[in-house]
Amino acid sequence: MHIFDNNFREIFISQIVSMAVGMLAGFVLAFYTGNLLLLPGLLIVLPGFLELRGAISGAFSSRLSSGLFLGVISAKTFNTRLIRSNLVASFVLAIVASFVLGLIACAFTYLLSGIFFVKLILIAVVAGVIANFIEIPLALFSTFYLFRKGHDPNNIMGPFILSTGDLVSIISLAIAMVVI
Amino acid sequence: MNKQVPHHVEKAMRFEYPHLAEHAKKKHPISHKTIFYMKEYGPHSHIISTIVLQSLKVLLFAVLISSFGGLALERVKETVLSILPFVILLPALNDMAGDFGSVVASRFSAMLYEGKIVGKWMNNKELNTLLFQLIVVGVVVSMLAAIGAVIISQLHGIAISPQDALKVVGITIIDIVVLVMLIFLASIIAGIYFFKRQEDPNNFLIPIVTSIADVANIFVLCALVLFFF
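Residue numbers (my numbering), protein chains in the order written: chain A, 28 to 207; chain B, 3 to 231.
Chain B with its partners taken away, still in its complex shape (with noise of 0.2 Å):
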C-alpha cells in the first residue's frame, strides 16, 4: 500500500524548500551526497557566490604558498634558467610531485577509515609497500625523463658535458626521493591529526600535501641545483 507523502516532504524533495532537505532525507531513500549537493548548488542557492566563497580560500591559500616556491626560483634563477635541461623538467616535475601528494594523501586517508593503522605506522605492510612503490616510479620515471631534457637540450643546440648530464640526472632523482619521503611525513603527520580530530581527512590532506609538494620540490630544486653547479 502506498503510503502518502505529505506536501511539505514533496515540495523539500523537489529542493523547493532546501531547510526541509533533512527532513526528506528522512522520509525518503536519498543519499546524504545528493542533499548535500542540492543545498550548495540547489534551485534556490546562489551558485556563483557558493562557489566562489567556498573555493576562494584554499585557492589563495595556495597561492600564497606557491608564490614563496617562485621566490626561491626567482632568486637562483640566473643558474636554474641558465641549465636547459632543469627548464624543460620543471613543470614535469612538478607535476610529479603534486600527483604523488594526491595519491598518497588519498590513499593514507583511506587506510584510516578502513582501519589499516593501527599501533605504528612505520611497520604497517601496505603503507611501507606504497612507498616503495613510489620511490620505485619515481626513480624510473625521473630518470628517463632527465636523459630525455638533456637529450633535447642537446638537439636544441645547448652542449651539456656529461658531467654535466650525470649531475642532472642526479639532482632529478635526489630531488625526486627527497619529496616522496616529505609527502609521506605529511601525510601521515597531518592525516594523523585531522582523523584524531573526527574529521575528514580527504577535504585537508591534498590540498595541504599537494602546496607541499610543489613548494618542497622547487626548494629542494634549486639547494641541489646551487649546490652541485
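If we strip away everything but chain A, and leave its shape as in the complex, we get (with noise of 0.2 Å):
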C-alpha cells in the first residue's frame, strides 16, 4: 500500500486549513496573555471551552444532517419544530456545561491557589453564550447551505465546525473577559 495516497492528500490539506484556522485563534489568544496571566485559572477553563464548542455545535450539526438525508427536516424552511427544539437544546447544553467547566475552574484554583475566583464562573458562562450566539447560526446555515448546493454536510462541517470554533471560543473568552 503506498503512503502518499488519496487518504494523504485528503488529510494533509484539512490539517492544513485547520492549521492555519487553529494558529489565527492562537494568534487571537496571544493578545491576551497578559489577562491569562492575571486572570487566575482562565486556562484551566481554555481546554474545555475549545473542546464544548467542537462538541456541541458539531453534534448539532450532525443531527441537522441526518435530519436533512431522511426528509425529516425541509431544505426550505428553518422555522420547524425540530430546528427550534435544536437550537433551545444547543443553548441549554452550552450554558449548563459552561456553567459546570467555571464551577471545576473555579474549584481548580482555590485547591492550586487558594484564591477564591468566581468570576470564573460568569466569564465561562457568558462566553458559553457568545460563543453560541456566533456558532450555532452558522453551523445552522452552512449545513442547510452544503444540503442545497448537493454535497453531503457530513464530509465538511466536522473540520470546519472544529476550526471555526477554536477561532470563536478563544473571540468570545476574550469578550467575556473584557467585559467581566
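Everything labelled a hint here was simulated from the structure, so no lab data went into it. Glycine included, each C-beta is placed from N, C-alpha and C at the ideal position. Hints are supplied without guarantee of correctness; some may be wrong.
[Said to hold, decoys possible] FRET-style restraints, in silico, Cβ to Cβ:
id: 1; chain 1: A; residue 1: Ser-140; chain 2: B; residue 2: Ser-84; range: 15 to 21 Å
id: 2; chain 1: B; residue 1: Glu-116; chain 2: A; residue 2: Phe-96; range: 36 to 42 Å
id: 3; chain 1: A; residue 1: Ile-142; chain 2: B; residue 2: Ala-112; range: 43 to 49 Å
id: 4; chain 1: A; residue 1: Phe-96; chain 2: B; residue 2: Asp-166; range: 46 to 52 Å
id: 5; chain 1: A; residue 1: Phe-143; chain 2: B; residue 2: Glu-80; range: 20 to 26 Å
id: 6; chain 1: B; residue 1: Val-179; chain 2: A; residue 2: Val-206; range: 52 to 58 Å
id: 7; chain 1: B; residue 1: Ala-161; chain 2: A; residue 2: Phe-31; range: 37 to 43 Å
id: 8; chain 1: A; residue 1: Ile-142; chain 2: B; residue 2: Ile-153; range: 32 to 38 Å
id: 9; chain 1: A; residue 1: Ile-202; chain 2: B; residue 2: Thr-52; range: 27 to 33 Å
id: 10; chain 1: B; residue 1: Gly-121; chain 2: A; residue 2: Thr-60; range: 46 to 52 Å
id: 11; chain 1: A; residue 1: Ser-140; chain 2: B; residue 2: Glu-116; range: 26 to 32 Å
With the hints as a guide, bring both chains together as one complex.
Put into C-alpha cells, the structure is as follows:
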C-alpha cells in the first residue's frame, strides 16, 4: 500500500487548513496573554471551552444533516419544531456545560492557589453564550447551504466546526474577559 | 395488486404512535435509521430534553477530562505564556490532536467492521500505512506551524533566539509524534474492547480518543516545555 495516496492528500490538506485557522485563534489568544496571566484559573477553562464548541455545534450539525437526509427536516425552511428545539437544546447545553466548566475551574483554582475566583464561572457562561450565538447560526446556515448545493454536510462540517469553533471560542472568551 | 395497509400501521408510519414504529418497519421498507430518528425526535418526543439528557453526560465527561489538561497548563502558565510561539500554537495543536483522534477512531472502527483486523494488529498493512501517513502529515504540518509561530512572534516584536526557535520546532514535532502513537494505542485498545463486547465502536471511540488526545497534548507539551526551557 502506498503512503502518499488519496487519503494522505486529504488528511494533509485538511490539516493545513485546520492548522492555519487554529493559528489564527492562537494569534488572537496571544493578544490576551496579559489577562491569562492575571486572571487565575482562566487556562483551566481554555481546553474545556475549546472542546465544548466542537462537541455542541458538531453534534447540532450532525443531527441536522441526518434529519435532512432522512427527509424529516425540509431544506426549504428553518422555522420547524425540530430546528427550534435543536436551537434551544444547544443553548441549554452550552449554558449548563459552561457553568460546570467554570465551577470545576473555580474549584481547581482554589485548590491550586487558595484563591476563590467566582468571576470565572461568569466568564465561562457569558463566553459560552456569546460563542453559541455565533457558532450555532453558522452551523445551521452552513449545513443547509451545503445540503442545498448537493454536498454531504457530514464530510465538511466536522473539520469546519472544529476550526471555526476554536477561533469563535477564543474571541468570545476575550470579549467575556474584557466585559467582566 | 395493492395490499390494504392496516390503519394502525398507517398511523405508525406517520409516527403518531412511536411505539408502533418497529411494527411499521416490518411492514414497510423503512430504514432503521429513520425509525430511530423519529423515535428520538418525532412529533411525540420532547426533543429538547432528549438532546440535553443524552448529550450532557458526554459533554460533562469531556469538560472534566479537559479541565485536568487545563490544570496542567495553569501550573506551568508562566513558562508556557512567556514563550509566545506556544501560545499561538496551542489551539492549532489541540485541533490537530482532535482531528487525528477522530481520523484514527473512525478508520479503525471501519476496519474492525470490515474484518480487516485479524491476527496481530501490529502486522496489519493498512493500519501501519495510516500510522506512517499521520506521522508524516503531523511532522510536516507541525514543523510549518512552529516556523510560522516563530515568525509571527518575531513580527510581534518578541525576539526569539535561533536556539529557542529550534527548541520550539523540536518540541512541536516531538509532541505530535508522541500524540499520534498515543492516539493509535488508545484507538486500538478501546476499539477492540468495544468490538469484542459487540458494541458499536463508532459511538464510543471518537469522544474517548479525542478527549484523550486533547488532554495528552497539553500534558506532553507542558512536560516538553518544562524539560527544554
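Comparing the hints with the structure gives:
1. A/Ser-140 to B/Ser-84: 15 to 21 Å: holds (19 Å)
2. B/Glu-116 to A/Phe-96: 36 to 42 Å: For B/Glu-116 and A/Phe-96 the Cβ distance comes to about 23 Å; the hint is violated.
3. A/Ile-142 to B/Ala-112: 43 to 49 Å: holds (48 Å)
4. A/Phe-96 to B/Asp-166: 46 to 52 Å: 51 Å Cβ-Cβ, so the 46 to 52 Å window holds.
5. A/Phe-143 to B/Glu-80: 20 to 26 Å: holds (21 Å)
6. B/Val-179 to A/Val-206: 52 to 58 Å: Between B/Val-179 and A/Val-206, where Cβ atoms are some 40 Å apart, the hint is violated.
7. B/Ala-161 to A/Phe-31: 37 to 43 Å: Distance hint for B/Ala-161, A/Phe-31 holds at roughly 38 Å.
8. A/Ile-142 to B/Ile-153: 32 to 38 Å: Because 36 Å falls inside the window, the suggested range holds.
9. A/Ile-202 to B/Thr-52: 27 to 33 Å: holds (32 Å)
10. B/Gly-121 to A/Thr-60: 46 to 52 Å: Hint holds: Cβ distance 51 Å, inside 46 to 52 Å.
11. A/Ser-140 to B/Glu-116: 26 to 32 Å: Taking Cβ atoms as reference, A/Ser-140 and B/Glu-116 lie about 51 Å apart, which means the hint is violated.
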